[in-house]
Structures are given as C-alpha cells and as structure tokens.
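Colleague: Here are the chains, one letter per residue:
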Amino acid sequence: MRRLEALTAIYPALESRVVVTIMGAVAAELQSIGHRPNFFYLQHAMGLASSMGLGIALCRPEKQVIVLDGDGSVLMNLGGLTTLARYRPRNLVHVVFDNESLLSVGGFPTATSTGSDIAAIAKAAGIPRTATVHDLEQFQGAFDQALQANDLTTIVAKVEAVGPAAFVTDLSLLENRFAFQRYLREDLKP
Amino acid sequence: MSPVSNTHSQLVYDALKACGVRLISALPETWLVHLIRLAEDDPEVTLVRLAKEEEGVGISAGAHLAGVKSAMLMQNHGFLASINGIVSCAQLYRIPLLMLISYRGEFGERDPWQTEGGGVTEELLRALRIPYAFLDNPSHVKHRVTKASTLAASANKPVALLLCRDLMWEDFEAEHR
Numbered sequence: 004m005r006r007l008e009a010l011t012a013i014y015p016a017l018e019s020r021v022v023v024t025i026m027g028a029v030a031a032e033l034q035s036i037g038h039r040p041n042f043f044y045l046q047h048a049m050g051l052a053s054s055m056g057l058g059i060a061l062c063r064p065e066k067q068v069i070v071l072d073g074d075g076s077v078l079m080n081l082g083g084l085t086t087l088a089r090y091r092p093r094n095l096v097h098v099v100f101d102n103e104s105l106l107s108v109g110g111f112p113t114a115t116s117t118g119s120d121i122a123a124i125a126k127a128a129g130i131p132r133t134a135t136v137h138d139l140e141q142f143q144g145a146f147d148q149a150l151q152a153n154d155l156t157t158i159v160a161k162v163e164a165v166g167p168a169a170f171v172t173d174l175s176l177l178e179n180r181f182a183f184q185r186y187l188r189e190d191l192k193p
Numbered sequence: 011m012s013p014v015s016n017t018h019s020q021l022v023y024d025a026l027k028a029c030g031v032r033l034i035s036a037l038p039e040t041w042l043v044h045l046i047r048l049a050e051d052d053p054e055v056t057l058v059r060l061a062k063e064e065e066g067v068g069i070s071a072g073a074h075l076a077g078v079k080s081a082m083l084m085q086n087h088g089f090l091a092s093i094n095g096i097v098s099c100a101q102l103y104r105i106p107l108l109m110l111i112s113y114r115g116e117f118g119e120r121d122p123w124q125t126e127g128g129g130v131t132e133e134l135l136r137a138l139r140i141p142y143a144f145l146d147n148p149s150h151v152k153h154r155v156t157k158a159s160t161l162a163a164s165a166n167k168p169v170a171l172l173l174c175r176d177l178m179w180e181d182f183e184a185e186h187r
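Chains A and B supply the protein sequences, listed in that same order.
No gaps in the numbering here: position 159 of the first sequence is 162 in the working numbering, and each next residue is one more.
No gaps in the numbering here: position 13 of the second sequence is 23 in the working numbering, and each next residue is one more.
Just so you know, not all the hints are guaranteed correct.
[Unchecked claim] Using 25 Å as the maximum straight-line C-alpha spacing, the simulated DSS-like pairs for lysine-lysine come out as follows:
1. B:Lys167 / B:Lys157
2. B:Lys152 / B:Lys79
3. B:Lys62 / B:Lys27
4. B:Lys167 / B:Lys27
5. B:Lys79 / B:Lys157
6. A:Lys192 / B:Lys167
7. B:Lys62 / A:Lys126
8. B:Lys27 / B:Lys157
9. B:Lys62 / B:Lys79
10. A:Lys192 / B:Lys79
11. B:Lys79 / A:Lys66
12. B:Lys167 / B:Lys62
13. A:Lys192 / B:Lys27
[To be verified] Which chain B residues face chain A? A few, computed with CB under 8 Å, are given here:
14. Val55
15. Thr56
16. Ala91
17. Gly95
18. Cys99
These are calculated hints, taken from the structure and not from any lab test.
Note that the coordinates shown come from a computational prediction; the quantities given were computed from them, not determined experimentally.
In this text, a Cβ means the ideal position worked out from N, Cα and C, and glycines have one as well.
My request is simple: use the sequences and hints to build the entire structure.
Modeller: What follows is the structure, encoded as structure tokens:
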C-alpha cells in the first residue's frame, strides 16, 4: 500500500474533520490531494503531532480529531502514547503510517524494520483500540470503524517507503497555523 | 509535612486562574506538588499529567489553536528536556506558552543531583530569547504571572516564570533541622 493511496481513500472523511499531520511525506502528499483550512501540518517538532492532537481533542470534545503520524515520529515520543491512553480522548483517531524508515532524510531504517511493533506498543500503553493493516481495503475498513467506534484508536498502516518528489510546498507555515486557528475557533465566536 | 509552601502555591494557582488558564500540563516535582493537586481538584481546569515535559509543548499548542489558555508546570530539567519542542513547535509556529519552571539548583540547594541544571537555566532562556522573570516573593506573584501571560499572548511566544526557593520552600527551619 502506498501512503498516497491510503490518504486518497480517507480524504472524504478528512474533509470535515480536524487533521494534524507530521512533517515530510505525509504533509506534502496530503497537500497534493488538496489543502483545507482544517488541516494542520506540524513541519518539525517530531513526535509532537499526537500531543497537539491530544490538546485539541481535550479542549474541543465535540470535534473529531485525526492525527496522521509516522513510525519515526512515534518512536521519538513513545511516552506520548501513555499520555494519550491515560486521557483517552474518544474523539481522536491516531493513524501511524509505518514505512519502516526515516524517508525524508534518506530512508534510514527505523526500529520497526527490525521488529518493533507500534500497534503492540500502543496497546500495551493502554490505547483501547489498535490495529495493524497491510492493504488499502483493511486500512479503509479500520479507519471507518475507528470513526464509528467513538473511542481512541491507533491504526498502524504499513506503507511502502515511497514519498513525493518534493517536500516543500507553497503553503507557508504561519499561513497554515493562523488559518487553522481561525477554523478551530470559528464556532467559539459569541 | 512538606516544607513546600501551601500558601504560596495557592497564590500562584489563583494568579493562573485569574489569567484564564483552563488547561495545565505537569510532570510531578517536589516543589510543584501543591500546584498539581490544586489543578487536579479544580473542576474548571483540565490537568494533563505527562510522561515527559516536551509533550506539554504540543498539548499547549493544540489547546491554544483551539482557543483554550494553558500553562505548563515543570522543573528546570523538564525545560531542558523540552527545548526542541519549544523551538520547533512553539517558536517556529508562534505559539504562546506560559511556562512555570521550578528553579532547582540555586543557592540553598541541598540535593547534589539538582546542582548542574540551575547553572544553565537562565543562560538557556536567554539563548532562546525567552523572556523570563523570577517568582521569589509573594508580593509580586499576581502581577508577574498576569504580565507574563499578557506578553505570551500578545507576542505569540513562550515566556517563563522561575519558581524560586524563597517562594516555594517556605520553611527554612524545616530544611535545616
């Protein structure tokens, strides 16, 4: 399964939800399908996309939050899985695209290439719903179930280590940040 | 009984509440016990207990974008552990952070393991261009917390308040008996 195919498959569901992604291929590929003001791309701070998602999900329980994470980023913040599990935001779906490598910096293999199992780690951390999927059909099924389940879910999607031709897009970081804030706060206006 | 000042912890907590703080992330440390308990017992505040302090940067960023004012409680070693997140999330994306940092390793520190961190804390804050002030006397707590929060919001950047021994560790006798 390619990540771009997986993102394309769930794009209709992302359109109406709050989305936080990591940097690199995930951010560039989602933008290539179509940027929206409800999408935020954390273009650095590896590991913190899931923490940002947690902050949003706790503050706005009426909104469904989708975090699009990666194996390299999750491995930098494994403790964050225990914090997610501890507060168990039922409005958060955590997708981890696992290509077993740090693709955007040259494809160096991560520990998932030598057997570390992120879904098992997430389950052991206390995430109530976890799954590892290997093809598009399984991914779509697991994602749809997670949206229906109304409970914290981590889906590890095994994807090929293939990325976009370029990682820099024409969306500036601060433009994205302020538009996203405006979107999130729109319904707080009196 | 812990020599950590209950009264002064309450003063700091009340000042945070008065600024509109409604989410607090924290990692336990001796000087922060009362502040964390106050947050836990307060139905108006969401307390997020962390595994590592850097997570708090992401959580505060998410809360800010969603329109909720937050504060972070950490030891200075937690600040050291958060620096990448502070730079590559909060500063890169212009996110206000109100960081309350217990300033271990100052004059009077008795724990040998706390003595290195104190020597680098202010240098690092200056290197990162993070405005900071000391909370070392109850008379200025409310003012300084309010002003720090105001600057964080207007400048969209991290600010720090150093919780000092003279404020947090009230009982000198208890420490030295």
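Colleague: Each hint: holds or not?
Modeller: Now the hints, each set against the structure:
With a CA separation close to 13 Å, the supplied pair lysine 167 of chain B and lysine 157 of chain B stays within the 25 Å bound. The straight-line distance between the Cα atoms of lysine 152 of chain B and lysine 79 of chain B is roughly 17 Å, inside the 25 Å bound, and the hint therefore holds. Simply put, lysine 62 of chain B and lysine 27 of chain B have alpha-carbon atoms about 24 Å apart, close enough for the 25 Å limit, and the pair holds. With a CA separation close to 20 Å, the supplied pair lysine 167 of chain B and lysine 27 of chain B stays within the 25 Å bound.
In summary, the hint linking lysine 79 of chain B to lysine 157 of chain B is supported, as the alpha carbons are separated by about 14 Å, within the 25 Å threshold. With a C-alpha separation of about 23 Å, the suggested pairing of lysine 192 of chain A with lysine 167 of chain B holds against the 25 Å cut-off. Note on lysine 62 of chain B and lysine 126 of chain A: the hinted pairing holds, with a Cα-Cα distance of about 19 Å set against a maximum of 25 Å. Straight-line distance between C-alpha atoms of lysine 27 of chain B and lysine 157 of chain B comes to about 14 Å, which keeps the hinted pair within the 25 Å bound.
Restraint check for lysine 62 of chain B and lysine 79 of chain B: the C-alpha separation of about 20 Å stays at or below 25 Å, so the hint holds. For the given pair, lysine 192 of chain A sits about 16 Å from lysine 79 of chain B by alpha-carbon distance, which is consistent with the 25 Å threshold. Between lysine 79 of chain B and lysine 66 of chain A, the direct Cα distance comes to roughly 18 Å. Compliance with the 25 Å bound is thereby established for this hinted pair. Taken as a hint, the lysine 167 of chain B and lysine 62 of chain B pair is honoured in the structure, with Cα atoms around 21 Å apart against an allowance of 25 Å.
For the proposed pair lysine 192 of chain A and lysine 27 of chain B, the alpha carbon gap of about 22 Å is at most 25 Å, so the pair holds. For valine 55 of chain B, the interface hint is violated, since its Cβ never comes within 8 Å of a Cβ in chain A; the closest pair sits about 11 Å apart. Interface hint at threonine 56 of chain B: satisfied, since its Cβ lies 6 Å from the closest Cβ of chain A, which is below the 8 Å cut-off. The closest approach between the C-beta of alanine 91 of chain B and any C-beta of chain A is roughly 11 Å, which is over the 8 Å cut-off, so the hint fails.
Because the beta carbon of glycine 95 of chain B sits about 5 Å from the nearest beta carbon in chain A, less than 8 Å, this interface hint is met. Interface restraint check for cysteine 99 of chain B: the shortest CB-CB distance to chain A comes to about 4 Å, inside 8 Å, so the restraint holds.
The structure fails hints 14 and 16 (numbered hints given earlier, in ascending order).
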